[in-house]
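J.: If you want the building blocks of each chain, they are given just below.
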Amino acid sequence: MNCKDIERDDMIERYVAGTLADAQRDELEEHYFGCEICFEKLRVCRAAQSVVRKDALAIRAATGSRVRMFPRATWPVVALAAAGFIAFIVLHHSAPAPPVAKYTPPQTTPTQPDPLIAMARFDPPPYKAVAMRDAGSEAQTLFKAAMQNYTEGRFEQAIPGLRAASEKDTQNTAYRFFLGVSSLLASQADAGIGALQTVINEGDTPFLNEAWFYRAKGYLARRDVAAARRDLEHVVSLNRDLVPEAQALLNQLAALK
Amino acid sequence: MSKLPPEGDLLSGLATRIREGDKSAESDLFLFFQPRVYEFVVVRTGDSELAQDLGQEVVIAVIRALREGRLRQQESLKSYVYGVARNLLQDQLRTKARQKLDQLPPDFDLPQAASQYEERERETVARQAIGELEATDRSILLMVLVDGLKAGEIANRIGLTADGVRQRKSRALKKLSALFKPAVTKSARRTT
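Protein chains in written order, with my numbering: chain A, 1 to 257; chain B, 258 to 449.
Certain hints may be false.
[Stated by the list, open to error] Simulated pairs of lysine-lysine, PhoX-like, Cα-Cα distance not exceeding 20 angstroms: (1) A:K144 x A:K128; (2) B:K431 x A:K168; (3) B:K407 x B:K431; (4) A:K54 x A:K168; (5) A:K168 x A:K144; (6) B:K280 x A:K4.
[As the list claims (entries may be wrong)] From the structure, some residues in chain A lie toward chain B, with a derived Cβ separation under 8 angstroms: (7) V16; (8) Y32; (9) Q49; (10) V52.
No lab work stands behind these hints: they were computed from the structure.
Because the structure is a prediction, the values reported are computed rather than measured.
We put the beta carbon where it would ideally sit given N, CA and C, even for glycine.
Using the sequences provided together with the hints, build the complete structure.
T.: In structure tokens, the structure reads:
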């Protein structure tokens, strides 16, 4: 491996993002231990990463309207689905069919937000680092690093560390709670529901109430209204935090009928 | 860019000088490798406190080995330091309680280590440069450095070609690099 290979294959950027294969990562590390140019590029990339990670929400919001939700390759599928939906509406209404020329591509068609998906959204529950009984353990080190990603909005990147921490220390409820929440925030509803289920199974822990609440959010994302309602009713019956939020969601679900 | 000579010249010379008892060579070795160990540990663990401690511990272990002539002649110094860094990091992750080195051993007189403070300074410079970029370029940096997407994937999302994405990314990083240069040169001057 030399500087040219590294530049050509964007290895430093991939290294910083944590997507380089282990063997390449080791080779790159050994290389920059002796190379001034690659080491300085690494420092630049790390500083840039730190800034854009902290500003991730603002950057995504600023460019959100210009960034496609689906890769270009899937657009024909999305366009077909949208055309099918329009055809369905047309067939079920007596109004005359709109001329084909008026068809608008999906990326500019204003769509009504799906109420269930809107209800499934939530702000990440705050995390405050506290001294833990296992401070210094491998699981705690993994957790700490993962929670840095979490607090900076990189939920998908937080998941592997949280999963590894949960596997190394199966007794720590916080690891599994934040694994569940991060999975939901990364649009991995099934994984999130599964992790929160293990928190609920533990019974009365400081995370019980929130686990019911956020699992309900997972069910909403999965459009499983009955399960979401059941979890929200649990939150109300526990009568701790999040009762107003749970009640508001129950009211919204009732209004959807 | 730093005026440091290539590894072969600088580092092999350092190993010899340290073996011969040259204290300034120990400082040079520390200034060269401690920041590398720091970055290595931060990327691997995300723990800058651990990175600062290990950066120091690794270089001290290497200097001890060099003083005692334990580095084989044909062995590359950078590979040796990297090996020590990997081993100490693995030991650290396996150890239950953290063995924190509060102060330097009495037989060491080393310069100030690269630290979280310097990292924050670099971040300030980066923030200024990134603030001046176009929104699309900021978004590309986010997708490359945080989301770990490839140029082709980003191109699909933002409607550019993969080459266009690469060019924009390189231009943005070069801009940052140019702002970093004065700081790098200053740091290199300290080592000579």
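J.: A separate judgement is required for each hint: does it hold in the structure or not?
T.: Results for each hint:
1. A:K144 x A:K128: Satisfied, since the Cα-Cα distance of roughly 11 angstroms is no more than 20 angstroms.
2. B:K431 x A:K168: Violated - the C-alpha atoms of A:K168 and B:K431 are around 41 angstroms apart, more than 20 angstroms.
3. B:K407 x B:K431: Holds: B:K407 and B:K431 sit about 19 angstroms apart, inside 20 angstroms.
4. A:K54 x A:K168: 29 angstroms, violated
5. A:K168 x A:K144: Holds. A:K168 to A:K144 sits at ~14 angstroms (cutoff 20 angstroms).
6. B:K280 x A:K4: 35 angstroms, violated
7. V16: 6 angstroms, holds
8. Y32: 7 angstroms, holds
9. Q49: 4 angstroms, holds
10. V52: Check passed: Cβ of A:V52 comes within 4 angstroms of chain B, closer than 8 angstroms.
The earlier numbered hints that this structure contradicts are 2, 4 and 6.
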